[in-house]
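K.L.:
What follows is each chain in one-letter form.
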Amino acid sequence: MRTMLVILTIAVIGLGAYSIDLHGDKESLQRTVHAQYTEKLTDASEKLSYLQRAVSQSLLFKDEKAIDSELDSIWRLSSEVRSSIANIPIGQELSNQWLGYLGKLGDEAKKTAKSGDYEAWREKMPQISTNLQALSDEWTTATVDYYKQDGKMDVWMRQVDNKNPNTSFDNIQKTLKDYGESDFPLTLSEADWQKKIELKALQDSVITEKEALEKVKYLFPLIKDATFTVTKSSDTAPYPFYHIQFHQGIRLGYVDLTEKGGHLLSYLVERPVDEAKLSQDEIIKKAEEHLKRLEMKDVAYVEARENHLAWHVTFARVHPGDNALIYADGVQLKIAKDTGELLGANAMEYIQEESIKPQKANPIDWKSFFDNNVRVEEVKNIYTDNGQFEQRLCYEVIAVRDEQTQETFRIVIDAENHNVLKVEYLT
Amino acid sequence: MRLLSILFAFLFAISIVSIPQNDAIAFSDQQIARGAYGDDVIELQARLQYLGFYKSKIDGKFGYNTYWALRNFQEKYGLPIDGIAGAKTKKALAGYSDYDENWVKAQLKAGNQFTYYGGVPLDQQVKNSGGGSTANSGDSSGSSNSNGTDTQIPPKYTERDLQLIANAVYGEARGEPYEGQVAVAAVILNRLESPDFPNTISGIIFQPLAFTAVADGQIWLEPNQRAKEAVIDAMNGWDPSENALYYFNPKTATSKWIWTRPQIKQIGEHIFCS
Numbered sequence: 001m002r003t004m005l006v007i008l009t010i011a012v013i014g015l016g017a018y019s020i021d022l023h024g025d026k027e028s029l030q031r032t033v034h035a036q037y038t039e040k041l042t043d044a045s046e047k048l049s050y051l052q053r054a055v056s057q058s059l060l061f062k063d064e065k066a067i068d069s070e071l072d073s074i075w076r077l078s079s080e081v082r083s084s085i086a087n088i089p090i091g092q093e094l095s096n097q098w099l100g101y102l103g104k105l106g107d108e109a110k111k112t113a114k115s116g117d118y119e120a121w122r123e124k125m126p127q128i129s130t131n132l133q134a135l136s137d138e139w140t141t142a143t144v145d146y147y148k149q150d151g152k153m154d155v156w157m158r159q160v161d162n163k164n165p166n167t168s169f170d171n172i173q174k175t176l177k178d179y180g181e182s183d184f185p186l187t188l189s190e191a192d193w194q195k196k197i198e199l200k201a202l203q204d205s206v207i208t209e210k211e212a213l214e215k216v217k218y219l220f221p222l223i224k225d226a227t228f229t230v231t232k233s234s235d236t237a238p239y240p241f242y243h244i245q246f247h248q249g250i251r252l253g254y255v256d257l258t259e260k261g262g263h264l265l266s267y268l269v270e271r272p273v274d275e276a277k278l279s280q281d282e283i284i285k286k287a288e289e290h291l292k293r294l295e296m297k298d299v300a301y302v303e304a305r306e307n308h309l310a311w312h313v314t315f316a317r318v319h320p321g322d323n324a325l326i327y328a329d330g331v332q333l334k335i336a337k338d339t340g341e342l343l344g345a346n347a348m349e350y351i352q353e354e355s356i357k358p359q360k361a362n363p364i365d366w367k368s369f370f371d372n373n374v375r376v377e378e379v380k381n382i383y384t385d386n387g388q389f390e391q392r393l394c395y396e397v398i399a400v401r402d403e404q405t406q407e408t409f410r411i412v413i414d415a416e417n418h419n420v421l422k423v424e425y426l427t
Numbered sequence: 001m002r003l004l005s006i007l008f009a010f011l012f013a014i015s016i017v018s019i020p021q022n023d024a025i026a027f028s029d030q031q032i033a034r035g036a037y038g039d040d041v042i043e044l045q046a047r048l049q050y051l052g053f054y055k056s057k058i059d060g061k062f063g064y065n066t067y068w069a070l071r072n073f074q075e076k077y078g079l080p081i082d083g084i085a086g087a088k089t090k091k092a093l094a095g096y097s098d099y100d101e102n103w104v105k106a107q108l109k110a111g112n113q114f115t116y117y118g119g120v121p122l123d124q125q126v127k128n129s130g131g132g133s134t135a136n137s138g139d140s141s142g143s144s145n146s147n148g149t150d151t152q153i154p155p156k157y158t159e160r161d162l163q164l165i166a167n168a169v170y171g172e173a174r175g176e177p178y179e180g181q182v183a184v185a186a187v188i189l190n191r192l193e194s195p196d197f198p199n200t201i202s203g204i205i206f207q208p209l210a211f212t213a214v215a216d217g218q219i220w221l222e223p224n225q226r227a228k229e230a231v232i233d234a235m236n237g238w239d240p241s242e243n244a245l246y247y248f249n250p251k252t253a254t255s256k257w258i259w260t261r262p263q264i265k266q267i268g269e270h271i272f273c274s
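Just so you know, the sequences run in chain order A and B. Just so we're aligned, residue 1 is where the first sequence starts under full-length UniProt numbering, counting upward by one. Just so we're aligned, residue 1 is where the second sequence starts under full-length UniProt numbering, counting upward by one.
The set of hints was computed from the structure by calculation and includes no laboratory data. Hints may be right or wrong, so weigh each one.
[Stated by the list, open to error] Derived pair list, reagent style DSS-like, types lysine-lysine, alpha-carbon separation capped at 30 angstroms:
(1) Lys256(B) - Lys177(A)
(2) Lys40(A) - Lys110(A)
(3) Lys251(B) - Lys232(A)
(4) Lys114(A) - Lys215(A)
(5) Lys422(A) - Lys110(A)
(6) Lys57(B) - Lys195(A)
(7) Lys256(B) - Lys174(A)
(8) Lys104(A) - Lys109(B)
(9) Lys156(B) - Lys422(A)
(10) Lys285(A) - Lys109(B)
(11) Lys156(B) - Lys195(A)
(12) Lys200(A) - Lys156(B)
(13) Lys286(A) - Lys88(B)
(14) Lys148(A) - Lys57(B)
(15) Lys297(A) - Lys156(B)
(16) Lys260(A) - Lys40(A)
(17) Lys286(A) - Lys156(B)
(18) Lys104(A) - Lys65(A)
(19) Lys286(A) - Lys91(B)
(20) Lys292(A) - Lys232(A)
(21) Lys57(B) - Lys422(A)
(22) Lys367(A) - Lys55(B)
(23) Lys88(B) - Lys277(A)
(24) Lys277(A) - Lys256(B)
(25) Lys177(A) - Lys104(A)
(26) Lys200(A) - Lys65(A)
(27) Lys110(A) - Lys292(A)
(28) Lys357(A) - Lys110(A)
(29) Lys57(B) - Lys88(B)
(30) Lys224(A) - Lys292(A)
(31) Lys380(A) - Lys156(B)
(32) Lys256(B) - Lys40(A)
(33) Lys200(A) - Lys177(A)
(34) Lys114(A) - Lys177(A)
(35) Lys152(A) - Lys174(A)
(36) Lys297(A) - Lys232(A)
(37) Lys422(A) - Lys55(B)
[What the hints assert, rightly or not] Here are the in silico distance ranges between beta carbons for each label pair:
(38) Trp220(B) - Met1(A): 40 to 50 angstroms
(39) Gly268(B) - Asp402(A): 44 to 54 angstroms
(40) Trp259(B) - Asp192(A): 40 to 50 angstroms
From the three backbone atoms N, C-alpha and C, an ideal C-beta is built for every residue, glycine too.
One chain only, chain B, in its complex shape (with noise of 0.2 angstroms):
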């Protein structure tokens, strides 16, 4: 039994020095674990699929997908099963695999749907959004907003809500302070909690009167980064509006209604009411 245990103790010293360095420099020097996103991720996700062990999107977030890909490659490479891509992990998944990042990125960039598999040509793992061509056509109808690389929600929202919500946000507030932008995403989600609401993200944004920037067509700008960062904090708790079910503009309000709603605070140009 010793002498087994020293046995495996040699293999495992052995597989580990004689990691091929394929790639000497790859990765960032931080541990990746559940929760990251970024581009350690994406290469992680990468170079997890190179070897065969992740089967879904390349999307540079670290859910449960790529948690069971890396255990899955510790588990085969007799590595210490975690689930976490530290040093050594790193260092063999480098050696093992190959990393194109240049091509991986701008399949993201241009929102094509592709895989990342070691051994099958690259141009054969491209399948443009739009359909049909190359992944250089410089198609970019998938922006880097579509691949959802740059977020994380909690899982009861979808990308879709965030994408609609923080249209309504920048529509409706865009002028006003970060708080007021939360507030207003808050809002949408607190109604989405109410049983006097439609009850989807989208139903409560289009329900008729409900939004001035619906109305104006404002909604359709394209949101900026303030705006969806107000978004994901609302998601992720954050209610400066203290549980507001309405807001208006009193210099613009033309409701009746809407001032006998009982009012919370007034946050820049906005009053929050329940």
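Next up, chain A with everything else stripped away, as it sits in the complex (with noise of 0.2 angstroms):
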């Protein structure tokens, strides 16, 4: 008995030992990342003043000079301040409202260094600096607390999740809402993008769900016998559309298809693949045929790449009255390797259809616009983004640079403005 006594307070005194080591660890690995995050808002608190000064700043001047080198700092600086809030614990909602008004007041900086349109600037910034004293003066005051946890994590997290509607980051929230919208409104190329990606320019007459599983058995002959579910998808969807989910022996799958005209969004089944029985020659082959069933007839190779089950090939449309590929416009096709079976089919970009504004092709000398050693391969003419929401005619280069290592690159300009649009390292 005595023995067993001994025992039970040795095991006692160990696990109480154990327990405070554990918690003390625990608590010391708490501080270090509680540490870390008030590290990351002290950055994101001083660098927001940095910018709201650096914003000031450049409202001094009429030196395009002086000027560039504020947009710089203000282009920097933005991404740095979305770099830190990025990394710190304040929820989602927050987050993406600060990463979003800090991102486009960085691009217009961008911009406005590119174009040097430093009037429009000049006209919209004075009301820009006041507003971001104000979100960093908020902000100061939303934070303050975060000084006073002691180190504790849980305090921090306790924090972030209050459920009580009048906490200050309730009204940065706010406040980064009402500021982001009347700061920075939306473009018209913007606009005009929203619209796209939302289908807004689908005028078709609105399907029902019996012609949506006809039209599904029709574009894919393989899954009509196929077990059925059509759901449609949510009110607040920003276009309608029908999900088909089906089920056919071996093969798992979904097609989705809008409910205005029955279009395909995409479709992809699931299914084993046995070993590679196609060339490449043969698979590209199969694609064109599946276009051809699936009504896709203006649209041209761009390129495949194999993969483990299935090759993955790219189709993009032919402008019809020069004939450049308009990438914007691309279908993607997933072929089985086995039997070249259809396994997707991707038409979300296809169905989109950019409306392309006329444009100038002012010829290029390569030999001046590129290096002595580089080697123009390949030149294409092709439709793009110049990340500004627009499609532009462009030239695609191939161009290799260096006899000896031969590195590849691809290489999109502006076709009107040579403006260099995008450069990709190939390998």
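Put the complex together from the two separate chains, hints included.
P.N.:
Below you can see the structure in the form of structure tokens.
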């Protein structure tokens, strides 16, 4: 009995010591994490005030070099504050609103430096400078409590999770939302882009669930005898569509069709795939046959990539006027390596159909455009986004630098003003 | 001029006929072109490297580096220059080079850094990924995943992006239908395009409070091939979420805010919203 008591006492003491040690470790870890988040919070607050100053300073000058230097600071600081805020646990909504606001400010500075439209900048920025000061002050108020938590992470998380609607974060969230809308309203191009991705241009009549199913069976005859489950998109979806899930033997998948006109959004099927039997050439021929059945006849082959079970083959719409490929109107097919069966089709971009404005293509002398040790291997005319939601006619150049190392690049150059829009290193 | 053409044709015919028969069984019978991957491409790259034409990593992916190397080989050996490894080119390659399939594949499997130049002892051409030890030390720190021979993704993404998203998909949605896994990957990629989110894949995935799998550590589970396939489909454009930026499980979600987001559709246990 006495021995038992001794063993029990030792066990209790041991367990207690272990528990204290564990608690100490946990607390130490919490303090380390808390310190890191506090550092990010301080960094964000400091840089936010530098950013506000940089915006204000940009309004001091008429001299282009002096303004450019401030624009450069604004772009850099907005990016740094974004990065700090993205790394603080402050809640998804607030984080998103900050990131959105700061990103737009940085983009505006970058755009102005590129376009040289300083007049528009001077017109817009006084109000934004004032708003940014107000945001910076509110942020300081909202975050003051985070410095009084004695390094405890659980207190921080409780504060973030606080459901009280009058918390200071709610105020700053509201202010950010209001300023975001007033300071950076959607441009015409952005609004057009928004309408495009929300499929506002579709004017076809609404099809019924039964018609949608018939369309699926017509487009994908291989699954015509499948068991289907049809659901409609939620009422709040940007565009209404039918979500049709199917199951037939070894095949399990879905098709999404727009409610207006029954256009194919995407199709994907999962099934076991046997060893590859078809060559790349045969795969591409199969892909072209599938496209015909999907009634996409105005597209041309862009590229193909072989993967574990399937090939991913990309096509793009051909502009009827100048035969340039419109990359934004792409179609992707997934073709099984064993039989060439269509395992997937993605026509989301294809049905959005870009409206292309007529543009000039001014020729480029490649010898003076590129360095002497660059060889232009291939030039193709394409339409692509210029980063400002505009489709531009471009030269897509495949160029090789240095005959010894043969590094290959894909360069996209605006055909009218010769701005370089994209450079990709190809391996 | 005519005489010259005849002489050239004769020499070409001779060069084809006189290809050394080093390796009677080589390659599969399929032609190999840009976009292909797998064993045939590994062999193609190894043989081109053996002859000194290919200087990049042997990774089984037929990209531009392989393409130029192949064209240079075709040019030097008087073959039609098309950058496609058809029957004639493969025969010529097999004739002029050696290919130690077992050795090359062992290096790939071990994740070693290696080359395969002809005339250099093989043991001098290996640098273990851990640094220093020999090729067949059994060190598998660079698994078949790290050598990157099992996937080809659009150039705007990296192997690291693929791995991270696959981890997130597996941690967040491994019990979901395939479509649901592609949708989760698509949400991450949609965030990359949105100005309201960090502008890198790692920034998005590790954004504090963004993903449950990061908070509970499930992101560190080794993703399976299915999760990777789902990410590859999403990277190639598939988006079953229909442009969603968020998703949540209505049975477990604690955030009231997430219920205020406009919903798009439900796949499995997840509701996707914009």
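K.L.:
All the hints need checking, so say for each whether the structure fits it.
P.N.:
Hints and how they fare:
Of the pairs offered as hints, the one joining Lys256(B) and Lys177(A) holds, with about 18 angstroms between alpha carbons and a cut-off of 30 angstroms not exceeded. For the given pair, Lys40(A) sits about 25 angstroms from Lys110(A) by alpha-carbon distance, which is consistent with the 30 angstroms threshold. Between the alpha carbons of Lys251(B) and Lys232(A) the distance comes to roughly 21 angstroms, so the proposed pair stays at or under 30 angstroms and holds. A threshold of 30 angstroms between alpha carbons decides the hint, and for Lys114(A) with Lys215(A) the separation of about 48 angstroms lies outside it, so the pair is violated.
Taking the CA atoms of Lys422(A) and Lys110(A), the gap is near 16 angstroms; set against the 30 angstroms cutoff, the hint holds. With a C-alpha separation of about 45 angstroms, the suggested pair Lys57(B) and Lys195(A) falls outside the 30 angstroms cut-off, and the hint is violated. Taking the CA atoms of Lys256(B) and Lys174(A), the gap is about 17 angstroms. The hint holds against a cut of 30 angstroms. Restraint check for Lys104(A) and Lys109(B): the C-alpha separation of about 46 angstroms exceeds 30 angstroms, so the hint is violated.
With a CA separation close to 11 angstroms, the supplied pair Lys156(B) and Lys422(A) stays within the 30 angstroms bound. A C-alpha spacing of about 34 angstroms is found between Lys285(A) and Lys109(B), which places the hinted pair above 30 angstroms, so the restraint is violated. For a cut-off of 30 angstroms, the pair hint linking Lys156(B) to Lys195(A) stands: about 26 angstroms separates their Cα positions. A C-alpha spacing of about 29 angstroms is found between Lys200(A) and Lys156(B), which places the hinted pair at or below 30 angstroms, so the restraint holds.
In summary, the hint linking Lys286(A) to Lys88(B) is supported, as the alpha carbons are separated by about 25 angstroms, within the 30 angstroms threshold. Among the hinted pairs, Lys148(A) with Lys57(B) is inconsistent with the structure: their alpha-carbon atoms are about 54 angstroms apart, more than 30 angstroms. As the CA atoms of Lys297(A) and Lys156(B) are separated by approximately 28 angstroms, the hinted pair is consistent with the 30 angstroms bound. Simply put, Lys260(A) and Lys40(A) have alpha-carbon atoms about 48 angstroms apart, too far for the 30 angstroms limit, and the pair is violated.
Distance check on the hinted pair: Lys286(A) and Lys156(B) sit about 27 angstroms apart at the alpha-carbon level, within 30 angstroms; holds. Of the supplied pair hints, the one linking Lys104(A) and Lys65(A) holds, its CA atoms being roughly 22 angstroms apart against a limit of 30 angstroms. Taken as a hint, the Lys286(A) and Lys91(B) pair is honoured in the structure, with Cα atoms around 27 angstroms apart against an allowance of 30 angstroms. Straight-line distance between C-alpha atoms of Lys292(A) and Lys232(A) comes to about 27 angstroms, which keeps the hinted pair within the 30 angstroms bound.
For the proposed pair Lys57(B) and Lys422(A), the alpha carbon gap of about 26 angstroms is at most 30 angstroms, so the pair holds. Taking the CA atoms of Lys367(A) and Lys55(B), the gap is near 27 angstroms; set against the 30 angstroms cutoff, the hint holds. Between Lys88(B) and Lys277(A) the CA atoms are separated by roughly 20 angstroms; this keeps the pair inside 30 angstroms, and the hint holds. Note on Lys277(A) and Lys256(B): the hinted pairing is violated, with a Cα-Cα distance of about 52 angstroms set against a maximum of 30 angstroms.
Pair hint Lys177(A) plus Lys104(A) holds up; C-alpha atoms about 13 angstroms apart against a cutoff of 30 angstroms. The hinted pair formed by Lys200(A) and Lys65(A) fails the criterion: a straight-line CA distance of about 43 angstroms is larger than 30 angstroms. As the CA atoms of Lys110(A) and Lys292(A) are separated by approximately 44 angstroms, the hinted pair breaks the 30 angstroms bound. In summary, the hint linking Lys357(A) to Lys110(A) is supported, as the alpha carbons are separated by about 25 angstroms, within the 30 angstroms threshold.
Distance restraint check for Lys57(B) and Lys88(B): the Cα-Cα separation of roughly 25 angstroms lies within the 30 angstroms cut-off, and the hinted pair is therefore satisfied. With a C-alpha separation of about 18 angstroms, the suggested pairing of Lys224(A) with Lys292(A) holds against the 30 angstroms cut-off. Our distance criterion of 30 angstroms between C-alpha atoms is met by Lys380(A) and Lys156(B), whose separation comes to about 20 angstroms. A threshold of 30 angstroms between alpha carbons decides the hint, and for Lys256(B) with Lys40(A) the separation of about 26 angstroms falls inside it, so the pair holds.
Proposed proximity of Lys200(A) and Lys177(A) is supported: the alpha carbons are some 25 angstroms apart, at most 30 angstroms. Of the supplied pair hints, the one linking Lys114(A) and Lys177(A) holds, its CA atoms being roughly 27 angstroms apart against a limit of 30 angstroms. Of the supplied pair hints, the one linking Lys152(A) and Lys174(A) holds, its CA atoms being roughly 28 angstroms apart against a limit of 30 angstroms. Using a Cα cut-off of 30 angstroms, the hinted pair Lys297(A) and Lys232(A) holds, with the two alpha carbons roughly 29 angstroms apart.
For the proposed pair Lys422(A) and Lys55(B), the alpha carbon gap of about 26 angstroms is at most 30 angstroms, so the pair holds. Between Trp220(B) and Met1(A) the Cβ separation comes to about 49 angstroms, which falls inside the hinted range of 40 to 50 angstroms. Range check, Gly268(B) to Asp402(A): about 50 angstroms between beta-carbon atoms, so the 44 to 54 angstroms window is met. Roughly 31 angstroms separates the CB atoms of Trp259(B) and Asp192(A), a value that falls outside the hinted 40 to 50 angstroms.
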